[in-house]
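Enquirer: With the hints as constraints, model all of the structure from the sequences given.
As they're listed, the protein sequences go chains A and B. In the numbering used here, each residue's number is its place in the first sequence (first place is 1) plus 1. In the numbering used here, each residue's number is its place in the second sequence (first place is 1) plus 5.
What the hints contain is simulated information worked out from the structure, not anything from laboratory work. For every residue, glycine included, the Cβ atom is placed at its ideal position computed from N, Cα and C. Take these hints with a grain of salt, some might be off.
[To be verified] Derived SDA-like pairs: lysine to any residue, alpha-carbon spacing no greater than 20 angstroms straight-line:
hint: 1; chain 1: A; residue 1: Lys56; chain 2: B; residue 2: Gly141
hint: 2; chain 1: A; residue 1: Lys49; chain 2: B; residue 2: Glu139
hint: 3; chain 1: A; residue 1: Lys9; chain 2: B; residue 2: Tyr97
hint: 4; chain 1: B; residue 1: Lys13; chain 2: B; residue 2: Lys60
hint: 5; chain 1: B; residue 1: Lys94; chain 2: A; residue 2: Asp78
hint: 6; chain 1: A; residue 1: Lys49; chain 2: B; residue 2: Lys94
hint: 7; chain 1: B; residue 1: Lys59; chain 2: A; residue 2: Phe104
[Said to hold, decoys possible] Label-pair restraints from in silico Cβ distances:
hint: 8; chain 1: A; residue 1: Asp175; chain 2: B; residue 2: Gln225; range: 40 to 48 angstroms
hint: 9; chain 1: B; residue 1: Glu176; chain 2: A; residue 2: Ser44; range: 37 to 45 angstroms
hint: 10; chain 1: B; residue 1: Ser11; chain 2: A; residue 2: Gln223; range: 29 to 37 angstroms
hint: 11; chain 1: B; residue 1: Ser194; chain 2: A; residue 2: Pro146; range: 46 to 54 angstroms
hint: 12; chain 1: B; residue 1: Pro152; chain 2: A; residue 2: Glu143; range: 40 to 48 angstroms
hint: 13; chain 1: A; residue 1: Pro189; chain 2: B; residue 2: Leu177; range: 31 to 39 angstroms
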Amino acid sequence: MTEESSVKLHGFWASPYVQRAVLALKIKGIDFEYIEEDLSNKSESLLKYNPVYKKVPVLVHNGKPISESLVILEYIDEVWTDSPHLLPTDPYLRAKHRFWVAFFEPLFETMFTTLVTEGETQKTVLDELLEKMDVAEQGMKEIFPNGVPPFEEQKPGYLDIVFYSLYGTHEAADEILGKKFLTVERYPLFVSWVNALKQVPEVNQVTPSIPKFVGLLHAIRQRSASPKA
Amino acid sequence: MTEENSVKLHGFWASPFAMRPVFALKVKGIDFEYIEEDLSNKSESLLKYNPVHKKVPVLVHNGKPISESLIILEYIDEIWTDPPHLLPKDPYLRAKHRFWADFFDPTILKTLLAEGEAQKMVLDELLEKMDVAEEGLKEIFPNGVPPFEEQKPGYLDIVFYSLYGTHEAAELIFGKKFLTVERYPLLVSWVNALKQVPEVNEVTPSIPKFVELLHSIIRQRSVPPKA
Chain A
2 MTEESSVKLH GFWASPYVQR AVLALKIKGI DFEYIEEDLS NKSESLLKYN
52 PVYKKVPVLV HNGKPISESL VILEYIDEVW TDSPHLLPTD PYLRAKHRFW
102 VAFFEPLFET MFTTLVTEGE TQKTVLDELL EKMDVAEQGM KEIFPNGVPP
152 FEEQKPGYLD IVFYSLYGTH EAADEILGKK FLTVERYPLF VSWVNALKQV
202 PEVNQVTPSI PKFVGLLHAI RQRSASPKA
Chain B
6 MTEENSVKLH GFWASPFAMR PVFALKVKGI DFEYIEEDLS NKSESLLKYN
56 PVHKKVPVLV HNGKPISESL IILEYIDEIW TDPPHLLPKD PYLRAKHRFW
106 ADFFDPTILK TLLAEGEAQK MVLDELLEKM DVAEEGLKEI FPNGVPPFEE
156 QKPGYLDIVF YSLYGTHEAA ELIFGKKFLT VERYPLLVSW VNALKQVPEV
206 NEVTPSIPKF VELLHSIIRQ RSVPPKA
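Expert: Structure below.
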C-alpha cells in the first residue's frame, strides 16, 4: 500500500460496529491494515483520529479519518464504486435498506443490556428486544418477498452486514441467557438469514470466537455486578 | 401534480423531524402537498404508510412511502439531482456532514421535556455536547459560517436548524439563555445566518405556540397515573 492508497482500520475484535467495517472491506476486496485497539489503553492515533467519541471503528483513508460505522459503510460504497455494491442503486430501495438498518440500530444497546443484566431486569429488556424482533420479522418480508436467497452471486450488503453484526454471535447470547432466543418457530426469516450469511467465507473470517466472546461478556457482567467500595 | 410525479409530506407543525424534509423540499424548489397530522388522532394514511413507527414525517412519492427524517433527506437528494444539493459531492465531506448530523441527536428535546433536577442534569449534558460541537465544527466552517446566499442550506444545516432554530422557545422553558454568543460563537452565527434564509420563515413554528405545546406536554407527563 502506498501513501496514495492507504486504508487502515482501527478496531476491537469483539465490537459489532467494527465487524461491520471489516466485513464491508473484505466483501469489496479492499486491502487494508487492521489495527487492534486495547480499549482500556487507546492508541494516540485513535484519540487523534476520533477526538469526539474516542471509539472504534475508525477508517483512515490516505491519512483522513472517518468515524461512526454506518458513515464508514456509506463512505466505502461511495469511494470504491466497483461491485459488489453495499447499497442498491435505486433510491427507493436504498431508503428501505437504510430504514431497516435504522430500525436495528437501537437493538444493539438493548441486546447488550440483556447480556449484562440478570433477573427481572434482564427479562424485561429481553422481552422488549423480542417484540422489536417480531416487528422486523414481519416487516422484512418487503425486503425478502421470496425468502432469503443464498449469498452466491449477490454478496452481503449494508443491511445484511448490520443484521449479521447483531445476530451473528447469537450462540454467545444463547449461552448467557441459558436458552435460545433466535428460534426458528418465532423468527423463521431471521434464522434463514443468519444461516445464509454464515455460508459466506468473508463472514466466517470476521465472526469472533464464540467461547472468547462469551468469556468477555462474563467479565463485563462481573464488573457490572460487583459494587465498588 | 400528476400521479407520475406526486409528492406528499405528512408532518406535524411542531416536530423538528418533520421540519427537515419540509425545509429540504422548499430549498430544492420541489412542489409538494403538505398534510398536517393530529398526533392524537393519526390518519389512516399515516398508519398505512408508516406501520412500523406510526410517526411523522413520512414522504410519499408517487404513492411510495419513505420514513425517518434523515433517510428522507438522502432520498430527496438522490431523486432530485439538480442543485442545490443537500450533501456535498466529495465522499469525505459527505462523511463529515453525516457524522455531525448524527452528533446533533435530539438531546435538546429530552432537555425541554424534563423538569427540576432532571432538567438541570440533561441541560448540563446538552451544554457539554454543544461545547464539543462548537470546537469540532471548525472543520466544517474553517472561515466561519458564510451567509446562505449562493450556497443554500444543506443536510447538516437543516438538521442543526431543526433542533436549534427554536432556541428562543427553549430559553423560555429553561428560564435563561443557553445558546450564548460568549460560549457558542460559531453555533450562534450559524443559527443567525440560517434565520436570514427566506424558506426558514415558512418552516419555523411560532415560538409562543411552541412554548405552549411544550408546557402542555410537560403538564400531561406530570399527571399521576390513574389508580
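Enquirer: Against each hint, give a clear statement of whether it holds in the structure.
Expert: Tested hints:
{"no.": "1", "hint": "A/Lys56 - B/Gly141", "result": "holds, 16 angstroms"}
{"no.": "2", "hint": "A/Lys49 - B/Glu139", "result": "holds, 18 angstroms"}
{"no.": "3", "hint": "A/Lys9 - B/Tyr97", "result": "holds, 15 angstroms"}
{"no.": "4", "hint": "B/Lys13 - B/Lys60", "result": "holds, 15 angstroms"}
{"no.": "5", "hint": "B/Lys94 - A/Asp78", "result": "holds, 14 angstroms"}
{"no.": "6", "hint": "A/Lys49 - B/Lys94", "result": "violated, 26 angstroms"}
{"no.": "7", "hint": "B/Lys59 - A/Phe104", "result": "holds, 13 angstroms"}
{"no.": "8", "hint": "A/Asp175 - B/Gln225: 40 to 48 angstroms", "result": "holds, 42 angstroms"}
{"no.": "9", "hint": "B/Glu176 - A/Ser44: 37 to 45 angstroms", "result": "holds, 42 angstroms"}
{"no.": "10", "hint": "B/Ser11 - A/Gln223: 29 to 37 angstroms", "result": "violated, 58 angstroms"}
{"no.": "11", "hint": "B/Ser194 - A/Pro146: 46 to 54 angstroms", "result": "holds, 50 angstroms"}
{"no.": "12", "hint": "B/Pro152 - A/Glu143: 40 to 48 angstroms", "result": "holds, 44 angstroms"}
{"no.": "13", "hint": "A/Pro189 - B/Leu177: 31 to 39 angstroms", "result": "violated, 52 angstroms"}
The structure is inconsistent with the numbered hints 6, 10, 13, although it conforms to all the rest.
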